[in-house]
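Just so you know, the sequences run in chain order A and B.
So in the working numbering, the last spot in the first sequence is 158, and the numbers never skip.
So in the working numbering, the last spot in the second sequence is 179, and the numbers never skip.
Any given hint could be a false lead.
[Claimed, not checked] Derived pair list, reagent style BS3-like, types lysine-lysine, alpha-carbon separation capped at 30 Å:
(1) Lys30/A to Lys159/B
(2) Lys159/B to Lys96/A
(3) Lys178/B to Lys90/A
(4) Lys13/A to Lys159/B
(5) Lys61/A to Lys13/A
Everything labelled a hint here was simulated from the structure, so no lab data went into it.
On a predicted model such as this, the values are computed, not experimentally measured, just so you know.
Chain residues, written in single-letter form:
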Amino acid sequence: MSKDANPKEALIKAAYADVNKFGNNQEFDKAVKAVNRILGVAPDDPTALHCKVVCLVQLSKFEEAYKFIEKNRLSSLFFEKAYCEYQLNKQQQALKTIDDAGLQPLPPNLKELRTQVLYRLERYDECLDSYRDIIKNTSDEYEEERRTNLSAVAANLA
Amino acid sequence: KPIFFDLAMTYVELPSLEGKL
Ligand SMILES: [K+]
């Protein structure tokens with residue numbers, strides 16, 4: 001029997017296809033509606049819960065994303081949680097969320113965010129060290145932007 | 159104020175949907 005014989009499974013599969021399509025097109029307003037269709041029938045689906053948070057963040061709905069993470073106790077989404085805290089200007093809390101994740105060394109997403117949090121906290125010496133470390137160890141399409149950020153830190157130290 | 163880019167945002171990505179499609 002095909003999985004699609006089950007109407008709930010078929011709905012979920014179709015909705016995930018939409019999440020994938022709209023996500024790839026950066027149409028997060030449409031993607032979040034598809035995610036809501038999944039959560040309507042599978043409210044505990046961890047992938048859908050994660051997708052919803054990402055869509056809300058992409059739509060700059062940081063307060064809503066943060067509340068959604070808290071309400072659903074999405075404790076594994078510490079990067080997204082800390083990113084919301086950063087955007088909501090709760091920098092001390094963002095730093096705590098990142099450091100309490102207990103990951104050593106920090107993966108690139110948390111390292112990048114932690115460095116930006118240090119900048120907002122005006123901890124420029126640590127921020128500068130952290131950018132130097134990222135720049136030394138990273139090869140991606142954002143190297144020029146990162147050097148611009150390094151200059152901003154240096155300007156604040158001058 | 160100096161220009162400062164939000165590069166952390168580039169890591170805000172949908173999880174892998176492999177196995178869901
Ligand atoms: K993105």
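Next pair to validate is Lys159/B with Lys96/A; report whether the Cα-Cα distance is within 30 Å. Since the Cα atoms of Lys159/B and Lys96/A sit roughly 27 Å apart, the hinted pair holds (cutoff 30 Å).
For the pair we were handed, Lys61/A and Lys13/A, check the Cα-Cα distance against 30 Å. holds, 26 Å
Under the criterion that the straight-line Cα-Cα distance not exceed 30 Å, is the pair Lys30/A, Lys159/B satisfied? Distance ~36 Å between Lys30/A and Lys159/B Cα, so the pair is violated.
Hint check: Lys178/B vs Lys90/A, CA-CA at most 30 Å. Holds or violated? violated, 35 Å
30 Å Cα cutoff - pair Lys13/A, Lys159/B: violated, 48 Å
Checked against the numbered hints listed earlier, the structure breaks hints 1, 3 and 4; every other hint is satisfied.
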